[in-house]
Amino acid sequence: MIACFMLFQYSLLAQKIDCFVLEAPTKQFNNIKKIGVMEFTGNREAGQILSDQIIARLLQEDRGIEQQETGFMGLGKTVDGVTHIKGFKTNVYSVIERNQINEILKEQKMGLSGTIDESTAAKVGAILGLDAIILGSVNFEKKEENTNKSYTGLDGKKYTKYCKIRKISTTASMKIVEVSTAEIIGVETAAFGNEDTKCDDERANISNFNQLLNGALSATAKKFVNYFAPGYTLVRFEMEKIKLRDLRKQADEAGEYLENGNLKQAFPLLVAIYEADSYNPKAAYNAGIIHEMTGLYQDAINYYTVANQLEPSNELYADALKRAEGGVRTLAFLESIDKPIETFAFSTNSDALAERIILKGKSSDRVDIHEFPDDKSEVIAKIPGGLEFVVIERQGDWYRIKLINNKEGFVSKKDVN
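Numbered as in the numbering used here, the sequence shown ends at 781 without a single skipped number.
Keep in mind that a hint or two might mislead.
[Stated by the list, open to error] Lysine-lysine pairs mimicking DSS-like chemistry, simulated, CA-CA at most 27 angstroms apart:
hint	residue 1	residue 2
1	Lys605	Lys686
2	Lys380	Lys628
3	Lys506	Lys525
4	Lys613	Lys724
Just so you know, the hints here were simulated from the structure itself, not pulled from any lab data.
Please work from the sequences and hints to get the whole structure.
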């Protein structure tokens, strides 16, 4: 699953990165690990669909990674690729399906009246060894209209356009009951509408009411699950363009690494740029972004705080700080339920902003590396042409460069591009 896709613009505009990051639930229940979902009452057809859709979402490993602007009811197919949040799967709860709960209700002869209260739900939950149980109600209304409208065509003739409109509206409420106390510990409501319109010859292809109902209940299930379960959310990060001439090259290089999904190479550059200009809010903000993208939220907060303090009127920085603070709360929640994410390991690179040189020639050629800045000194290595090296210092027409295994040597300026 791709969690990040880049929309880079190498001009005075900011570089934009669409990236999926962690989203904290509205309410966190640190002592709940095993959940049951009962069939919602009100309308049996809708109740079964909603219950099953809630369960399906709770069982998803990558819930929230969706093309949110496309697809039926705004829910498109999962984006392909690799997420930068490591080790986090959204199926954090062990879930008991409604069929198992219905069997217990029958065996214990509970709910014969057709209504299930918190006490009954808690008893069922206790039998199944649950920490919490979800119940609620759902209803819907459907409406169909036929309309017509006269208009004049390009040929000057009068025509009539006949259309069929189908609408459905749903209302639902959810309760989360703690099994050990039979108390309601969470409540959420949802109301969604869905409709389709087809005209003239297309009227036969109009969505049926079941399709409209499924779409509305899918949106309801999404809202209910987001209330108590962490997931992913899509954030458009706007990397600031560094305009300082001394750092512009490195900033563009970091952008190219990010464009190719190479965060390990981009990380030391963005951090080094900030360290080179610690009073630059853009540099602090960019350093915060790469930490947030990988789930290093506390570090992201530190950088965003600097950016926000240096430029408190910038809403971009203030929003980023709030988002990272929510990420810290999500990490704490995942720790509490024994579902921590993997720490993303970055290595800081003190050479990130250092001058670099490229040796002349091709890989089949060899360039002499001397022990001292003198053609007559010992040749300690013969290096293929075309390779890049970090410059430690310049001495006249010689570069002292860093070789592999932390060794050093000198190369003549005439052997450098």
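Okay, the hints, checked on the actual structure:
1. Pair hint Lys605 plus Lys686 holds up; C-alpha atoms about 22 angstroms apart against a cutoff of 27 angstroms.
2. For the hint pairing Lys380 with Lys628, the CA-to-CA distance comes to about 19 angstroms; that is within 27 angstroms, so the pair holds.
3. Between Lys506 and Lys525 the alpha-carbon distance is near 23 angstroms, which keeps this suggested pair within the 27 angstroms criterion.
4. Under the criterion of a C-alpha separation no larger than 27 angstroms, the hint pairing Lys613 with Lys724 is consistent with the structure, at around 22 angstroms.
No hint from the list above goes unmet by this structure.
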